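A.B. asks: From first to last, the protein sequence lines stand for chains A and B. So for the first sequence, this note's numbering puts the first residue at 1; every next one is plus one. So for the second sequence, this note's numbering puts the first residue at 115; every next one is plus one.
If you're looking for bench data, these hints aren't it; they were derived computationally from the structure. Hints are supplied without guarantee of correctness; some may be wrong.
Using 30 angstroms as the maximum straight-line C-alpha spacing, the simulated DSS-like pairs for lysine-lysine come out as follows [as the list claims (entries may be wrong)]:
1. Lys104/A with Lys248/B
2. Lys164/B with Lys184/B
3. Lys165/B with Lys104/A
4. Lys164/B with Lys148/B
5. Lys248/B with Lys184/B
6. Lys232/B with Lys202/B
7. Lys184/B with Lys165/B
8. Lys202/B with Lys107/A
9. Lys248/B with Lys165/B
10. Lys248/B with Lys232/B
11. Lys248/B with Lys164/B
12. Lys172/B with Lys232/B
13. Lys172/B with Lys107/A
14. Lys172/B with Lys248/B
15. Lys148/B with Lys232/B
16. Lys165/B with Lys107/A
17. Lys184/B with Lys172/B
18. Lys104/A with Lys148/B
19. Lys202/B with Lys104/A
Covered stretches of chain B, going by a simulated chain A footprint (3 or more residues, C-beta under 8 angstroms) [unchecked claim]:
20. 202 to 208
21. 217 to 225
22. 235 to 243
23. 259 to 269
Model, not experiment: these values are computed from the prediction. Glycine residues also receive a C-beta, built at the ideal position from the N, C-alpha and C atoms.
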Amino acid sequence: MDEHEELQRLLHRELQAREAPAGFSARVMARLPQAPPSAIPPATQRFWLPALRWTAAALALVGIAGAGYWEHQRRERIAGERARGQVILALHISAATLHDVLHKVVKDTKGDTE
Amino acid sequence: MKRLSVLTVLLWFLVALAAAAQSITPPFPVTLEKELAARASNYTEVSLDKKMLAFAGKFLSADADDVEAKQLLATLNGIYVREYQFDKPGQYTTVDLEHIRSQFNGSEWSPMVRERSKKGEGDSDIYVRLVDGKMQGMFVLDAEPNDLSFVYIDGALNPAELSKLDGSFGIPKGVAKRAAKEGSK
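Start from the sequences and build out the full structure, keeping to the hints where you can.
C.D. replies: Here you go:
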């Protein structure tokens, strides 16, 4: 029991808050590593990062413009094929109508002369 | 003076507008077209103005038929086609036909073929528009009991050009030749 009390007293004495010795803070601060590196990138990075960003943006724009152009071309081709079909249909009907009329005329002329 | 110039500009604008409207509007009676379409069991309406013809011309291929069509289209201002098929006879009247024909009674238009039947259900007409002795347009009307077709081709139509259509686009051989012969008379 005495031993136990002795240990307690010893711990109490040793763990008591006490004033730091003079110059302690300065010594600790001196041992700390230097300040962290600056957030400013090096000159090479400073050049390439915006260039990469602009390149990516330009590529995206070219991509969008290309897709737009391709879509426009596709639509125009479809409209053109439709127009071509209409022209052929119009020519076909025109010729068939003309044919029918002339056929009637020829038939009637023959009928008259016979 | 300023007022006069404004009026002149306005007048020119109106003239240009009227000319533009004239060049793109087929000379078919719109109300009648709608009525005929409503009565028809099947109908085809094709309106191709100069712009559309030029646009379609770009998509014609390099084969012989298409090349000939392209050459023909180059001189035209428009092709307007109406074809109506009816389930039974009597779906149009002689008055309707007269209404259509009346669009081509101008001084420039000359009837080339005129066939008449009693009920108007076998009538045929070919009108040509001659300007300075040159064919500048053609109107064809073909009326059958169950069918009514009319075609207006606007533009410099050389009768010889018609022969190029011979055998193309399902056009029977010899048709164009006869049309050309009739046209050059």
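A.B. asks: Would you mind confirming whether the straight-line C-alpha gap from Lys184/B to Lys165/B stays at or under 30 angstroms?
C.D. replies: 13 angstroms, holds
A.B. asks: Decide if the proposed pair is consistent with the structure: Lys248/B and Lys232/B, CA atoms, cutoff 30 angstroms inclusive.
C.D. replies: Status violated; Cα separation ~34 angstroms.
A.B. asks: Tell me if the straight-line CA distance from Lys104/A to Lys148/B falls inside 30 angstroms.
C.D. replies: 28 angstroms, holds
A.B. asks: So is the region 235 to 243 of chain B in contact with chain A by the C-beta rule, three or more residues under 8 angstroms, or is the coverage claim wrong?
C.D. replies: holds (count 4)
A.B. asks: Holds or violated: Lys232/B with Lys202/B, Cα cutoff 30 angstroms?
C.D. replies: Given pair Lys232/B, Lys202/B holds - Cα atoms ~17 angstroms apart, limit 30 angstroms.
A.B. asks: Given the hint that Lys248/B pairs with Lys184/B, does the C-alpha gap stay at or below 30 angstroms?
C.D. replies: 20 angstroms, holds
A.B. asks: Starting from Lys104/A, check that the Cα of Lys248/B is at most 30 angstroms away, please.
C.D. replies: 26 angstroms, holds
A.B. asks: Verify this for me: three or more residues of the region 259 to 269 of chain B with a beta carbon less than 8 angstroms from a beta carbon of chain A.
C.D. replies: Held - the region 259 to 269 of chain B has 4 residues with a Cβ nearer than 8 angstroms to chain A, which meets the minimum of three.
A.B. asks: With the threshold set at 30 angstroms, check whether the alpha-carbon distance from Lys164/B to Lys148/B stays at or below it.
C.D. replies: 24 angstroms, holds
A.B. asks: Lys202/B and Lys104/A: Cα distance at most 30 angstroms?
C.D. replies: Roughly 21 angstroms separates the two Cα atoms, so the pair holds.
A.B. asks: Decide if the proposed pair is consistent with the structure: Lys165/B and Lys104/A, CA atoms, cutoff 30 angstroms inclusive.
C.D. replies: 34 angstroms, violated
A.B. asks: Lys148/B and Lys232/B were given as a pair; does the straight-line alpha-carbon distance stay at or below 30 angstroms?
C.D. replies: Holds, at about 25 angstroms.
Hint violations for this structure: numbers 3, 10, 12, 13, 16, 20 and 21, all remaining hints satisfied.
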